[in-house]
Amino acid sequence: DTAVSQTPKYLVTQMGNDKSIKCEQNLGHDTMYWYKQDSKKFLKIMFSYNNKELIINETVPNRFSPKSPDKAHLNLHINSLELGDSAVYFCASSQWTAGNTIYFGEGSWLTVV
Amino acid sequence: DQQVKQNSPSLSVQEGRISILNCDYTNSMFDYFLWYKKYPAEGPTFLISISSIKDKNEDGRFTVFLNKSAKHLSLHIVPSQPGDSAVYFCAARTNNAGNMLTFGGGTRLMVKP
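Which chain is which? The protein sequence lines are S and F, in order. Residues in the first sequence are numbered consecutively from 1, following our numbering. Residues in the second sequence are numbered consecutively from 1, following our numbering.
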């Protein structure tokens, strides 16, 4: 069983479109995250979310929004896609308490054309 | 401003020899450090970690060393195996940021048979 799964794995879309990437974890964790790996291969935190608070990296444009229907899901919505949004997006989960291991999904390759 | 840096983008090592991957950080508030391993088209997987109160942590073939005064950590893999070939990311966390990680840019390790 995949611990953290995200769909779709590959997504090609046109500029200006709105798209979503779904993420589910079956580890019973209380916190989920979205990371972005850009063209330079840097992994950067976008959001951290548990049932108490949403922490947003201040550099993330407000076109990006996380939506959590329940503790096991954290979907990423992107409005008005831009060319620069092309990247690999990784979902992850852990227990909030510091020191717990973060488990990553396999990544979603987004290409904006 | 990159707070975690991996200055070597790649490293090539012969099978059976030691691999040493280096990481430097600038934020003195970091109190927990992790190494993640990433294969192509997969998400990062946790490898080993170290708390700032320690200077060494060992797990099988993998040892992480932390030099707080130099703000430097390293990952040693002994003996290196071809299956170790992957990209290795150094990551760090501050105590007040839950489990949100700041990643380095990664080092691609190639272990030659």
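Read the hints as simulated data drawn from the structure, not as lab findings. Check the hints yourself; a few may be wrong.
[Stated by the list, open to error] Now the stretches of chain F that chain S is said to cover, found in silico as 3 or more residues with beta-carbon under 8 Å:
no.: 1; stretch: 58-69
no.: 2; stretch: 101-107
[What the hints assert, rightly or not] When the alpha-carbon atoms are kept at most 25 Å apart in a straight line, the in silico DSS-like pairs for lysine-lysine are as follows:
no.: 3; chain 1: S; residue 1: K40; chain 2: F; residue 2: K71
no.: 4; chain 1: F; residue 1: K37; chain 2: S; residue 2: K40
no.: 5; chain 1: F; residue 1: K71; chain 2: S; residue 2: K41
no.: 6; chain 1: S; residue 1: K41; chain 2: F; residue 2: K54
no.: 7; chain 1: S; residue 1: K41; chain 2: F; residue 2: K37
no.: 8; chain 1: S; residue 1: K40; chain 2: S; residue 2: K71
no.: 9; chain 1: F; residue 1: K112; chain 2: S; residue 2: K44
no.: 10; chain 1: F; residue 1: K71; chain 2: S; residue 2: K44
no.: 11; chain 1: S; residue 1: K41; chain 2: S; residue 2: K71
no.: 12; chain 1: F; residue 1: K54; chain 2: F; residue 2: K5
no.: 13; chain 1: F; residue 1: K54; chain 2: S; residue 2: K40
no.: 14; chain 1: S; residue 1: K9; chain 2: F; residue 2: K37
Since we're looking at a predicted model, the values are computed, not measured. Just so it is clear, CB atoms sit at the ideal spot from N, CA and C, and this is done for glycine as well.
Tested hints:
1. 58-69: This one is violated; 0 residues, fewer than the three required, reach chain S with a Cβ under 8 Å.
2. 101-107: Holds, because 5 residues of the stretch 101-107 of chain F bring their Cβ atoms closer than 8 Å to Cβ atoms of chain S.
3. S:K40 to F:K71: holds, 24 Å
4. F:K37 to S:K40: Holds - the C-alpha atoms of K40 of chain S and K37 of chain F are around 17 Å apart, at most 25 Å.
5. F:K71 to S:K41: The hint holds at about 23 Å.
6. S:K41 to F:K54: violated, 29 Å
7. S:K41 to F:K37: holds, 13 Å
8. S:K40 to S:K71: violated, 32 Å
9. F:K112 to S:K44: violated, 30 Å
10. F:K71 to S:K44: holds, 20 Å
11. S:K41 to S:K71: With Cα atoms ~29 Å apart, K41 of chain S and K71 of chain S exceed 25 Å; violated.
12. F:K54 to F:K5: holds, 20 Å
13. F:K54 to S:K40: Judged against 25 Å, a Cα distance of about 32 Å means the pair is violated.
14. S:K9 to F:K37: It holds: about 20 Å lies between the C-alpha atoms, which stays within 25 Å.
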